[in-house]
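Engineer: Take a look at the letters that make up each chain.
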Amino acid sequence: MKPIETKQEYSDYVDKKSPNSPILKNCFNAFWVGGLICSIGQILFDFCQYKGMDETSCSTVVSIVLIGIAAILTGLNIFNKIGKFAGAGSLVPITGFANSIVSPAIEYKSEGYVMGVGGKMFTVAGPVLVFGISASVIIGIIATFFS
Amino acid sequence: MDFLQSIDWMQLLRCFIVGGIICIIGQILIDKTKLTPARILVTFVTAGAILGGLGIYKYIIDFAGCGATVPLTGFGANLAKGAIQEAGNSGLLGAFIGGVKASSGGIAAAVFFGYIASLIAKPKIKKQ
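So the protein lines, in turn, are chains A and B.
Note that the numbering used here numbers the first sequence so that position 62 is 62, with each residue one more than the last.
Count along the second sequence from 1, then add 147; that gives the number in the numbering used here.
Only chain B is shown next, with the shape it has when bound in the complex:
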């Protein structure tokens, strides 16, 4: 019960609103342009990486927490953040290691769960 009392409700509200707004941007892109979902995902990750590289995305994360890190822009920003950190530690080598290292958990989880799901779930039969 201590945990429930420790939840910062204002933080949760900011997270909800910012996360929602990022999704609205995606929805407007779907409805108003002919972009396929794949292109939208790529756009969001790349935009996040650029914003992260410029140091802007950090402020959105400070404000909204998971409202900024859970959307794919956060995935991109995390890649950029990792690359910059490792580049600071070990130079050019770090530029190559850092990005994937920072987001390795998510990538490995998606691949692993995808494989497991394909073992268990049956493909749905398309109706003719």
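Just chain A, same shape as in the assembly:
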């Protein structure tokens, strides 16, 4: 084969050799798995409303149940198989947040319950809470000026 001389040629060569990530297929899987998780949430939400709960309680129940299901599936080692298949489809819904807490909690059990389980639990969820809560406080402070 002819030698690679320019950067452009090298980049073309790498593109040709590296497996192309099937983005359309990934997006399709993410779409229907993500949609399905949201739909399960919606049915649960409707059921809570049918039972006469108010809207805020219904949302909280939906979050808790979905987080619980995700925790069980993570413990049974099923969630990471779904995650491999669905990518963002299981990561972006609240199940992804639950998995990001439960998965390291199990994984780092061997390092002890305080620093292993308790500490490593927040490797991914910690940043989520830091930025989420900080944003909410800033928004709340801004809101006090306008109310």
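Hints were generated in silico from the structure; no laboratory data involved.
Possibly wrong hints are sitting among the right ones.
Stated by the list, open to error - Listed below are the simulated EDC-like cross-link pairs for lysine to aspartate or glutamate, each with C-alpha atoms no more than 16 Å apart in a straight line:
no.: 1; chain 1: B; residue 1: LYS271; chain 2: A; residue 2: GLU107
no.: 2; chain 1: B; residue 1: LYS269; chain 2: A; residue 2: GLU107
no.: 3; chain 1: B; residue 1: LYS269; chain 2: A; residue 2: GLU111
no.: 4; chain 1: B; residue 1: LYS205; chain 2: A; residue 2: GLU55
no.: 5; chain 1: A; residue 1: LYS51; chain 2: B; residue 2: ASP149
no.: 6; chain 1: A; residue 1: LYS25; chain 2: B; residue 2: ASP178
no.: 7; chain 1: B; residue 1: LYS271; chain 2: A; residue 2: GLU111
no.: 8; chain 1: A; residue 1: LYS84; chain 2: B; residue 2: ASP178
no.: 9; chain 1: A; residue 1: LYS120; chain 2: A; residue 2: GLU107
Use these hints to put chain B onto chain A, whose structure you have.
Structural biologist: Below, chain B alone, put in the same frame as chain A:
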């Protein structure tokens, strides 16, 4: 059986489509950028909080229900909504209380179930 008849199928379809689209945005971010899953989760929560703070996310929730509240953008929007509500009730103190208060159920559930799961489940042994 009354419950099954009370399900609004159009609402469920809107929920499915909007929830799916939010996940596609996440998938495109994973495939097209070098963002790690942790950064994507942070991005979604912060984006949701900002959209919630601006009052835009409310319309998506009205349209899609759980299609908007179940993804992490909904978690962020819920934080913002709580902060704004409490800020209206008790001023500056509310700005600090409101966000976590509104999403406390989810956070407590995730921590509690995580701890319980770590007691029960065995860590899987990595193959060398």
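Engineer: For each hint, tell me whether it holds in the structure or not.
Structural biologist: Hint-by-hint comparison with the structure:
1. A C-alpha spacing of about 7 Å is found between LYS271/B and GLU107/A, which places the hinted pair at or below 16 Å, so the restraint holds.
2. Using a Cα cut-off of 16 Å, the hinted pair LYS269/B and GLU107/A holds, with the two alpha carbons roughly 8 Å apart.
3. With a CA separation close to 13 Å, the supplied pair LYS269/B and GLU111/A stays within the 16 Å bound.
4. With a CA separation close to 14 Å, the supplied pair LYS205/B and GLU55/A stays within the 16 Å bound.
5. Between LYS51/A and ASP149/B, the direct Cα distance comes to roughly 11 Å. Compliance with the 16 Å bound is thereby established for this hinted pair.
6. For the given pair, LYS25/A sits about 11 Å from ASP178/B by alpha-carbon distance, which is consistent with the 16 Å threshold.
7. This hinted pair checks out: LYS271/B and GLU111/A have alpha carbons roughly 14 Å apart, not beyond 16 Å.
8. For the hint pairing LYS84/A with ASP178/B, the CA-to-CA distance comes to about 13 Å; that is within 16 Å, so the pair holds.
9. Taking the CA atoms of LYS120/A and GLU107/A, the gap is near 9 Å; set against the 16 Å cutoff, the hint holds.
Checked against the numbered hints given earlier, this structure breaks none of them.
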